[in-house]
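**Q** One letter stands for each residue in the lines below.
There are 2 protein chains.
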Amino acid sequence: MRNAIIFSIGNELVEGLIIDTNSKYLSEKLKVLGYYVVRIETLPDKLDILVERFKAGLLEADLIITTGGLGPTEDDLTREAMAQALGCKLVIDEKIAQELVERALKYYGKAPESVKKQAMVIEGASVLDNPVGTAPGQMLQLNGKIVIILPGPPAEMIPIFESITQTIKTDDALYTRRIKTLGIPEAVLMNEYKDIIYSNPNITVATMASYERGVEVRLTGSTELKEEIDKVASELLNALGEHVYATDDDSIEDVVYKLLSENSLTISFAESCTGGMISSKFVDIPGVSKVYKGSVIAYSNEVKTSVLKVPESIINTYGAVSEECVKSMAENVRILLNSDFSIAVSGIAGPSGGTETKPVGTVCFAFSSDSFTRTITHHLRGNREMIRKRSTLLAFDIARRGILEWLRQREVSKE
Amino acid sequence: MRNAIIFSIGNELVEGLIIDTNSKYLSEKLKVLGYYVVRIETLPDKLDILVERFKAGLLEADLIITTGGLGPTEDDLTREAMAQALGCKLVIDEKIAQELVERALKYYGKAPESVKKQAMVIEGASVLDNPVGTAPGQMLQLNGKIVIILPGPPAEMIPIFESITQTIKTDDALYTRRIKTLGIPEAVLMNEYKDIIYSNPNITVATMASYERGVEVRLTGSTELKEEIDKVASELLNALGEHVYATDDDSIEDVVYKLLSENSLTISFAESCTGGMISSKFVDIPGVSKVYKGSVIAYSNEVKTSVLKVPESIINTYGAVSEECVKSMAENVRILLNSDFSIAVSGIAGPSGGTETKPVGTVCFAFSSDSFTRTITHHLRGNREMIRKRSTLLAFDIARRGILEWLRQREVSKE
Numbered sequence: 001m002r003n004a005i006i007f008s009i010g011n012e013l014v015e016g017l018i019i020d021t022n023s024k025y026l027s028e029k030l031k032v033l034g035y036y037v038v039r040i041e042t043l044p045d046k047l048d049i050l051v052e053r054f055k056a057g058l059l060e061a062d063l064i065i066t067t068g069g070l071g072p073t074e075d076d077l078t079r080e081a082m083a084q085a086l087g088c089k090l091v092i093d094e095k096i097a098q099e100l101v102e103r104a105l106k107y108y109g110k111a112p113e114s115v116k117k118q119a120m121v122i123e124g125a126s127v128l129d130n131p132v133g134t135a136p137g138q139m140l141q142l143n144g145k146i147v148i149i150l151p152g153p154p155a156e157m158i159p160i161f162e163s164i165t166q167t168i169k170t171d172d173a174l175y176t177r178r179i180k181t182l183g184i185p186e187a188v189l190m191n192e193y194k195d196i197i198y199s200n201p202n203i204t205v206a207t208m209a210s211y212e213r214g215v216e217v218r219l220t221g222s223t224e225l226k227e228e229i230d231k232v233a234s235e236l237l238n239a240l241g242e243h244v245y246a247t248d249d250d251s252i253e254d255v256v257y258k259l260l261s262e263n264s265l266t267i268s269f270a271e272s273c274t275g276g277m278i279s280s281k282f283v284d285i286p287g288v289s290k291v292y293k294g295s296v297i298a299y300s301n302e303v304k305t306s307v308l309k310v311p312e313s314i315i316n317t318y319g320a321v322s323e324e325c326v327k328s329m330a331e332n333v334r335i336l337l338n339s340d341f342s343i344a345v346s347g348i349a350g351p352s353g354g355t356e357t358k359p360v361g362t363v364c365f366a367f368s369s370d371s372f373t374r375t376i377t378h379h380l381r382g383n384r385e386m387i388r389k390r391s392t393l394l395a396f397d398i399a400r401r402g403i404l405e406w407l408r409q410r411e412v413s414k415e
Numbered sequence: 001m002r003n004a005i006i007f008s009i010g011n012e013l014v015e016g017l018i019i020d021t022n023s024k025y026l027s028e029k030l031k032v033l034g035y036y037v038v039r040i041e042t043l044p045d046k047l048d049i050l051v052e053r054f055k056a057g058l059l060e061a062d063l064i065i066t067t068g069g070l071g072p073t074e075d076d077l078t079r080e081a082m083a084q085a086l087g088c089k090l091v092i093d094e095k096i097a098q099e100l101v102e103r104a105l106k107y108y109g110k111a112p113e114s115v116k117k118q119a120m121v122i123e124g125a126s127v128l129d130n131p132v133g134t135a136p137g138q139m140l141q142l143n144g145k146i147v148i149i150l151p152g153p154p155a156e157m158i159p160i161f162e163s164i165t166q167t168i169k170t171d172d173a174l175y176t177r178r179i180k181t182l183g184i185p186e187a188v189l190m191n192e193y194k195d196i197i198y199s200n201p202n203i204t205v206a207t208m209a210s211y212e213r214g215v216e217v218r219l220t221g222s223t224e225l226k227e228e229i230d231k232v233a234s235e236l237l238n239a240l241g242e243h244v245y246a247t248d249d250d251s252i253e254d255v256v257y258k259l260l261s262e263n264s265l266t267i268s269f270a271e272s273c274t275g276g277m278i279s280s281k282f283v284d285i286p287g288v289s290k291v292y293k294g295s296v297i298a299y300s301n302e303v304k305t306s307v308l309k310v311p312e313s314i315i316n317t318y319g320a321v322s323e324e325c326v327k328s329m330a331e332n333v334r335i336l337l338n339s340d341f342s343i344a345v346s347g348i349a350g351p352s353g354g355t356e357t358k359p360v361g362t363v364c365f366a367f368s369s370d371s372f373t374r375t376i377t378h379h380l381r382g383n384r385e386m387i388r389k390r391s392t393l394l395a396f397d398i399a400r401r402g403i404l405e406w407l408r409q410r411e412v413s414k415e
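Just so you know, the sequences run in chain order A and B. Residue 362 in full-length UniProt numbering sits at position 362 of the first sequence; the count goes up by one each step and never skips. Residue 74 in full-length UniProt numbering sits at position 74 of the second sequence; the count goes up by one each step and never skips.
Please note that the accuracy of each hint is not assured.
List of simulated lysine-lysine pairs, DSS-like, C-alpha gap at most 30 Å [unchecked claim]: (1) Lys55(A) x Lys145(B); (2) Lys46(A) x Lys358(B); (3) Lys46(A) x Lys290(B); (4) Lys29(B) x Lys358(A); (5) Lys309(A) x Lys290(B); (6) Lys258(B) x Lys358(A); (7) Lys46(A) x Lys258(B); (8) Lys290(B) x Lys389(A); (9) Lys290(B) x Lys290(A).
Chain B is faced by these chain A residues, among others (derived, beta-carbon under 8 Å) [what the hints assert, rightly or not]: (10) Thr21; (11) Glu41; (12) Val101; (13) Leu105; (14) Val283.
If you're looking for bench data, these hints aren't it; they were derived computationally from the structure. Idealized CB from N, CA, C, for every residue including glycine.
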């Protein structure tokens, strides 16, 4: 397997002002392309450090990728440092220089000499078009090694990197299927379905459990195993049934959106402890207006009774965190917002507000449709943020299961 | 200045499964404690790589901090690797071993020998208590160098690191003031207030502009300059007036929460394009129920008219993205949810939905109180996510300015 080293460059990174998301993205992609990432180095914008670290990296790795340090100011030293480390010259790319000057004139009315800095290219490197920003990427192949230089902003880095994945792919490139589940504990899943999961010794199995995404099974092997991996994945999908909420790159909200959109149906939410998180996550999806009416965030009991018309007797008898309350919230918000379905969530996210019978982490959920309502209570662990994120995931899951049940009922009644 | 290297350890990091937030936290803190972070290295759980990289780091840096790789399984190799790199032995800490065995018996009913792995300590190191998890931290001083070993989960790493900041602080420790502004472009701010900002040549000035947080001015210097830095900060605060939305660690939602809480006032929101993001961010604050009633997420026009009672004539005449519409949304949600104040937001987050007169990024905001309503329209740049995040920031800012105006009016009327 070929080795790779990723360099993330910028004072803002080593001073802790921003989080490096580029390296996560690149290391995940590089694994699939068949590289072993021996390390990621985050470095300041300092020429001597960059030259020394690049030189060390070039001795050890088959592939070097840098992100950041390609701006037009004096701080931006990645180009210079890599040229020095490689013992190559920097030359001006006249076509890019011309574009940069025209762009500067158009936007700022003047084009100082410094704008041309971004047109400096390591001699022999191919220029990688930047569809979003001004600094192009560069790729150089030298003595069997590949050096790739990319800009720092993720919106610029990602499309440039995607344009070269086929070029740098190795014979060790991998094929991966991801099966995302909820409602079955990791240990139970891996034990009950082990005959399927481990049926092919050539396939590597990994699991990952998280409060935000449930339990994910990853099946990985060389690209030649594609059909075999797909076969195991499809057997596992069949066996797990509705416990699978999504596969591969889909999120749970994507799946709920698709279920609604394909059937021209709509949804609304009534949120208490999640406080708008379910709604906001759903609105992350462009075009969601086709299926999403809106929500009532009933954070106070007053809003639960005044806007959502939950009878005061329910709150007095069972409390605001009860299946009775979320049932009423769900049914009423569905009618109030004129949607086909609705979800309601009420719980205790903490840190305070817990009692002996309803400790922090108690969260009630309801799904409502014109033909049935389902409720469930979960006891969640973790801090306020974890409880709210897990509740958001579970809310989408009760929506997914409810919509599937409703669609099945409709099929039966049609027959 | 003393040099530091941070090592983040874990296969899940170099395979891109999770994002490294520890290094951001540590590098920000180390700067303030007087260290220059020469690099951050992210490494896999592989003994030979770890030993080699730790050895290289020990030659270069005065302070080495590792996070991760302290679990009880065979994958977790940080302890062993650091002992080898230092040429020291690992010894068992009997007190911790005893605690780990008792804990395992309590939670799992059995205590395999492997639980004692987490009690292995580098000879001569002090044990750093882990108040949250099982793996303690370790600190070793050797030949004028400091080695600190911390667990990977942030909830465990942070309190342990905080317990030793006073011990590792250098004579170059820094004092920083952060002034966070909105409503004045970075270039204008730095030019108009340069006489204050640059009044003391011993103070280092840095600015950071972001769509999520506005423009931040950082004043930094040695801890001995504390009074001088505070003086410049306070002059700048006076000069900038209401453009300053927060200082130091406060966020804009913290400031709105405090303004409401200190005056026993309440707020509600009517959101369209932000889709619950304003609400969800506010509910991140524990105890927010004191000041927050709830929200109506009126994503569809139907909900704007049916629940929020925006007259259809307003939507037909001016459109849903208009100051007229948000004014009506804000006034009506305030009355519907019985709060002292309200904020309404309606805009075009894209990628589709833009028109020639109202392109993607057009966002209207309204603040409503019992005595006045204010509206404003912003034209924002960026993708859907950036527009929604910027809108959320601006919504809290119009709330902050509106509440301050209302409080001033109340003061005047009392006189």
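**Q** With reference to the structure, classify each hint as holding or not holding.
**A** Structure-based check of all given hints:
| no. | hint | in the structure |
| --- | --- | --- |
| 1 | Lys55(A) x Lys145(B) | holds (26 Å) |
| 2 | Lys46(A) x Lys358(B) | violated (45 Å) |
| 3 | Lys46(A) x Lys290(B) | violated (49 Å) |
| 4 | Lys29(B) x Lys358(A) | violated (39 Å) |
| 5 | Lys309(A) x Lys290(B) | holds (22 Å) |
| 6 | Lys258(B) x Lys358(A) | holds (29 Å) |
| 7 | Lys46(A) x Lys258(B) | violated (42 Å) |
| 8 | Lys290(B) x Lys389(A) | holds (22 Å) |
| 9 | Lys290(B) x Lys290(A) | violated (35 Å) |
| 10 | Thr21 | holds (6 Å) |
| 11 | Glu41 | holds (5 Å) |
| 12 | Val101 | violated (22 Å) |
| 13 | Leu105 | violated (19 Å) |
| 14 | Val283 | holds (3 Å) |
Violated hints for the displayed structure, listed by number in ascending order: 2, 3, 4, 7, 9, 12 and 13.
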